[in-house]
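Line order of the protein sequences matches chains X and R. To get our numbering, take the position in the first sequence, counting from 1, and add 663. To get our numbering, take the position in the second sequence, counting from 1, and add 29.
For the record, the hints were derived by calculation from the structure and aren't laboratory data. Each hint should be verified, as a subset may be incorrect.
Claimed, not checked - Not the full set, but computed from the structure, chain X residues with beta-carbon under 7 Å of chain R:
| no. | residue |
| --- | --- |
| 1 | D769 |
| 2 | G771 |
| 3 | W772 |
| 4 | P812 |
| 5 | P921 |
| 6 | Q922 |
| 7 | C945 |
| 8 | V948 |
| 9 | V951 |
| 10 | V959 |
| 11 | V971 |
| 12 | Y975 |
Stated by the list, open to error - Selected chain R positions facing chain X (in silico; Cβ < 7 Å):
| no. | residue |
| --- | --- |
| 13 | S47 |
| 14 | T52 |
| 15 | L288 |
Where a beta carbon is used, it is the ideal one built from N, C-alpha and C, also for glycine.
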Amino acid sequence: MNEAMQTASPRSCFLSIDQFANLFEVLHALDYEVIGPTLDQEAIVYDRVTSVEDLPRGWTDIQEPGKYRLEQRDDDALFGYVVGPHSWKQNLFPPVSTLSTADRTDEGWQFTEVEQELPKYAFLGVRACELAALKIQDRVFMEGPYVDPNYQGRRLQALVIAVNCTQAASTCFCTSMNTGPRCTAGYDLALTELPDGFVVEVATPLGETVIDALETQIATDENQRQAEAARQQAVDQITREFDTTDIRDLLLTNLEHPQWNDVAERCLSCTNCTMVCPTCFCSSVEEVSDLTGDHVERQRQWDSCFNVDFSYMNGGLVRNSIRNRYRQWMTHKLATWIDQFGTSGCVGCGRCITWCPVGIDLTDEVAAIRESQT
Amino acid sequence: MNSTCSTTGENSITQANSWVPHTAVIREVTREVNEVSTYHLALSDPALAKAYRFQPGQFNMLYVPGAGESAISMSGDPDSPETLAHTIRFAGNVTRSIATMEVGDTLGLRGPFGTSWPLETCVGKDVILVAGGIGLPPLRPLIHRLLAERHQFGQLNLLYGARSPDMRLYTKEYRDWSEKGLLIKETVDRKNLGWQGNVGVVSMLLERLEPFDPAQSILMICGPELMMRFTARAAMQRGMTHEQIWVSTERNMQCAIGLCGHCQLGPEFICKDGPIFRYDQISPYLIVEGL
Ligand SMILES: Cc1cc2nc3c(=O)[nH]c(=O)nc-3n(C[C@H](O)[C@H](O)[C@H](O)COP(=O)(O)OP(=O)(O)OC[C@H]3O[C@@H](n4cnc5c(N)ncnc54)[C@H](O)[C@@H]3O)c2cc1C
Ligand code: SF4
Ligand code: SF4
Chain X
664 MNEAMQTASP
674 RSCFLSIDQF
684 ANLFEVLHAL
694 DYEVIGPTLD
704 QEAIVYDRVT
714 SVEDLPRGWT
724 DIQEPGKYRL
734 EQRDDDALFG
744 YVVGPHSWKQ
754 NLFPPVSTLS
764 TADRTDEGWQ
774 FTEVEQELPK
784 YAFLGVRACE
794 LAALKIQDRV
804 FMEGPYVDPN
814 YQGRRLQALV
824 IAVNCTQAAS
834 TCFCTSMNTG
844 PRCTAGYDLA
854 LTELPDGFVV
864 EVATPLGETV
874 IDALETQIAT
884 DENQRQAEAA
894 RQQAVDQITR
904 EFDTTDIRDL
914 LLTNLEHPQW
924 NDVAERCLSC
934 TNCTMVCPTC
944 FCSSVEEVSD
954 LTGDHVERQR
964 QWDSCFNVDF
974 SYMNGGLVRN
984 SIRNRYRQWM
994 THKLATWIDQ
1004 FGTSGCVGCG
1014 RCITWCPVGI
1024 DLTDEVAAIR
1034 ESQT
Chain R
30 MNSTCSTTGE
40 NSITQANSWV
50 PHTAVIREVT
60 REVNEVSTYH
70 LALSDPALAK
80 AYRFQPGQFN
90 MLYVPGAGES
100 AISMSGDPDS
110 PETLAHTIRF
120 AGNVTRSIAT
130 MEVGDTLGLR
140 GPFGTSWPLE
150 TCVGKDVILV
160 AGGIGLPPLR
170 PLIHRLLAER
180 HQFGQLNLLY
190 GARSPDMRLY
200 TKEYRDWSEK
210 GLLIKETVDR
220 KNLGWQGNVG
230 VVSMLLERLE
240 PFDPAQSILM
250 ICGPELMMRF
260 TARAAMQRGM
270 THEQIWVSTE
280 RNMQCAIGLC
290 GHCQLGPEFI
300 CKDGPIFRYD
310 QISPYLIVEG
320 L
C-alpha cells in the first residue's frame, strides 16, 4: 500500500449492515483468516468466523464478580456484548507452540528452528482495553532486548478491526486505567455499531485497502451524532473506579500486609485470572520426544504463577503458599510491570474479576490495602 | 526463518531466535569433587565458536534433549574462549543426564545470558570475593580477569566456604592464584581429619579480614541466598555500603530471555536484569520471604 495514500486524520465513513456482510469476502480475498466473536460453550469466545452469521447477533453478556451469563438482547446487534473469557493473546501467543526441534545424527544433536506457521489474522471486534493489551504484549514480546519470533511473525501481519464499546459490564474499569472505552490508536479500522450499520474510522493504508473494497457512504452528521451517543452509553455504564495513584509504591511497601493473608483464604489458586488476562505471558517449556528419543521437540505452554511448581528451585518452592502466589500475581500485574515495561500490566477489562470462581476483585484488594494506609 | 545458526556474539541477540540452541561438543571432562565436574564445551559451528565471547558472571542454558535445560554459569577464562568451561553440580534431571555424558557427546547451548561482575568498578580498589560451595565457579572467570590485570587493582581476596574439606573446588589452582597475588582464606562447615583451617560460616572470614579498608573495597558474593545476606550484613557492619556490594542471584529459568516469567524477583528478571545485581538494587526483595 502506498504510504502517501494515508490520510492525515482518520477518515470516517458509513458502512451499511448489508455491506458489512461483504467484509468477510474482502478479508478472505486478501488471504486473512478472520478471528472474531462467536457463541460457544455458553459464552462469547474468539474463534475463526467465516461470515456474519457466525457473529453473536442479538446476544449480550451479563458480568459480575464470579458471574458470567449470556442473555438475548431486544435488538440484532452484532457487537452488543462486552468481553468474554478469550483474548487475542491466544492467537498471537498460542497456548501451545513448538520452539525448536532436536534430532540425533551421526555428528550428534542437531537443533533446528521450527518453521512457524504464521497465520495472517484479521481480528474483528477488538475493544479499546484489548488494543491496550496488544500494545502491552508487543512491548513484552517484540521490544527487546529479546524478541519472540513467533509472536512477532503473527503480530506484524495481523489486521486489527476494532469496535468501540456501546455498553460496559459491571466489571469494566478501563476509564480508571486510561485504556478505553474509546478506541484511539492501534487499529486499522474502528467501528461504532448503529442499528443499521457502522460508522467506520480508517486509520491506516491497510484499513483503507479493506474499506475501499466495500461500498461505503459519507458519514453524515446524524451518523456521527448517533455514534457518539452510542459510545457515551458505554462511558455512562462504567461504574467501577480504581484508584491507581502511586500504586507501585503502595504495593511494594506493603509486601507483608495482612490483606494478603485475607485474600489467601478466599483464593483457590485456580489460575483462571491469569488464563483470561489479555496481558499475562508466563509460560513453561516441556520436552516432547518420539518413542526412540531421537527426535525431540521443545514445547512452550501457557503457565501461571499460581501453579505450585512455577517457582520450583533446588528441590523446593519459592512461593509455597497461596498468599505468596497471589501477592506475586498482583504486585507483578499492577506494580513491578511498570518497572519492567513502563506500563501497568492491567488494562481494566475486568476478566479476572468475572472469571474468578469466588469473585475476588483486584480493585477491592488494592482498595483495602490503600484504606489501611490512611 | 529456518536458520540454525543465529549468532550469539555481542550486539546480535536481537536478530537471532534466542530460543534455538546451538550444538556443542564435550571436549573434556574434569572431575572436580564428588558430584561436581567441569565440562569443556566447543560450539560445533566454527563461525559461532569464533564469535563467541562472554563476560565473567554470565551463564549459558545447557540443553539435553528429552531432559531439558539448565542455567549454568561460565567458569572458565573469558580470554581463552576456545572451549567453554561449565562446572556443574549434579542436582536433578538435566544435570544428572549431563553427568552420564562423555567426551565427544553433544548437547545444546544457548547464551551467553545475563549481566556480569562489574570489573570496571574494581579498578584501583581492593576486591573481596566471597563464595559459598558451588558459588565459586561463577567467580572463577572474574578471578582470571583480575589476575590477568593484577596491577590495576589493590588487594585481592578470596574468601571461600565449603561444606567439608573434600568439597572445595579448584584446589589445584590455589597455588597459581596465590602466586599471582590472590589472598585465599578458607573455611568449612564440617572439618575432617587433617583439616587445620577455619571451621564455620564464610561471613566469619569477612568479619576477621585484615587489613581491611571499607571505603576502598568492592565486595562480590556468590552462594546461597542466606549466605549472601549474612555476608553483606557483615560487610556493612564493618563499614561498607550497599553500593559497594554485588551478588549473583538464582531463580528457576525456562527461557533466559525475559519471556517466560519464572525467574522474577520483585521488579527484576534474574535472567536478563541479573544474575549479577548491585546489592542495593536487589536487597529489598531478597529479604522478603516467598517473593
Ligand atoms: C544464573 C544461574 C547460574 C547457575 N550456575 C550454575 C553453575 O555454574 N553450576 C551449577 O551446578 N548450577 C548452576 N546453577 C543452578 C542450576 O541451574 C540448577 O541447579 C539446575 O537448574 C538444576 O537442574 P536440574 O534440571 O538438574 O535440576 P532439577 O531439580 O531437575 O530442575 C528442573 C528444572 O528446574 C529449574 N531449577 C531447579 N533448580 C534450580 C536452581 N537452583 N536455579 C535455577 N533453576 C533451577 C531448572 O529450570 C531445571 O531445568 C545456576 C543457576 C542460575 C539461575
Ligand atoms: S473495559 Fe472498557 S474497553 Fe474493555 S470491554 Fe469494558 S468498556 Fe469496553
Ligand atoms: S488484571 Fe484483570 S482487569 Fe487487568 S487486564 Fe488482566 S484480566 Fe483484565
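Hints and how they fare:
Look at D769(X): its Cβ only gets to about 11 Å from chain R, farther than 7 Å, so that hint breaks. About 3 Å separates the beta-carbon of G771(X) from the nearest beta-carbon of chain R, less than 7 Å, and the hint is met. Interface restraint check for W772(X): the shortest CB-CB distance to chain R comes to about 5 Å, inside 7 Å, so the restraint holds. About 5 Å separates the beta-carbon of P812(X) from the nearest beta-carbon of chain R, less than 7 Å, and the hint is met.
Against a cut-off of 7 Å between C-beta atoms, the interface hint on P921(X) is violated, since the closest Cβ of chain R lies about 15 Å away. Evaluation of the Q922(X) hint against chain R yields a violated restraint, the C-beta minimum of about 15 Å exceeding 7 Å. The interface hint given for C945(X) holds, since its Cβ lies 3 Å from the closest Cβ of chain R, which is under the 7 Å cut-off. Contact between V948(X) and chain R, as hinted, is supported at the beta carbon level, the nearest pair being about 5 Å apart and thus within 7 Å.
Proximity of V951(X) to chain R is violated relative to the hint, the smallest CB-CB distance being about 9 Å (cut-off 7 Å). At about 4 Å, the closest approach between the beta carbon of V959(X) and any beta carbon in chain R falls short of 7 Å, and the interface hint on this residue holds. For the restraint placing V971(X) at the interface with chain R, the shortest Cβ-Cβ distance is roughly 13 Å, beyond the 7 Å limit, so the hint is violated. Annotation: interface hint on Y975(X) holds; nearest CB of chain R at approximately 6 Å, less than 7 Å.
Satisfaction of the interface hint for S47(R) is found here, the shortest Cβ-Cβ separation to chain X being roughly 5 Å, below the 7 Å cut-off. A cut of 7 Å between beta carbons decides the hint on T52(R): the least distance to chain X is about 6 Å, and the hint holds. With its C-beta approaching chain X no nearer than about 6 Å, L288(R) sits inside the 7 Å limit, and its interface hint holds.
In the structure shown, a violation is registered for the earlier hints numbered 1, 5, 6, 9, 11, in ascending order.
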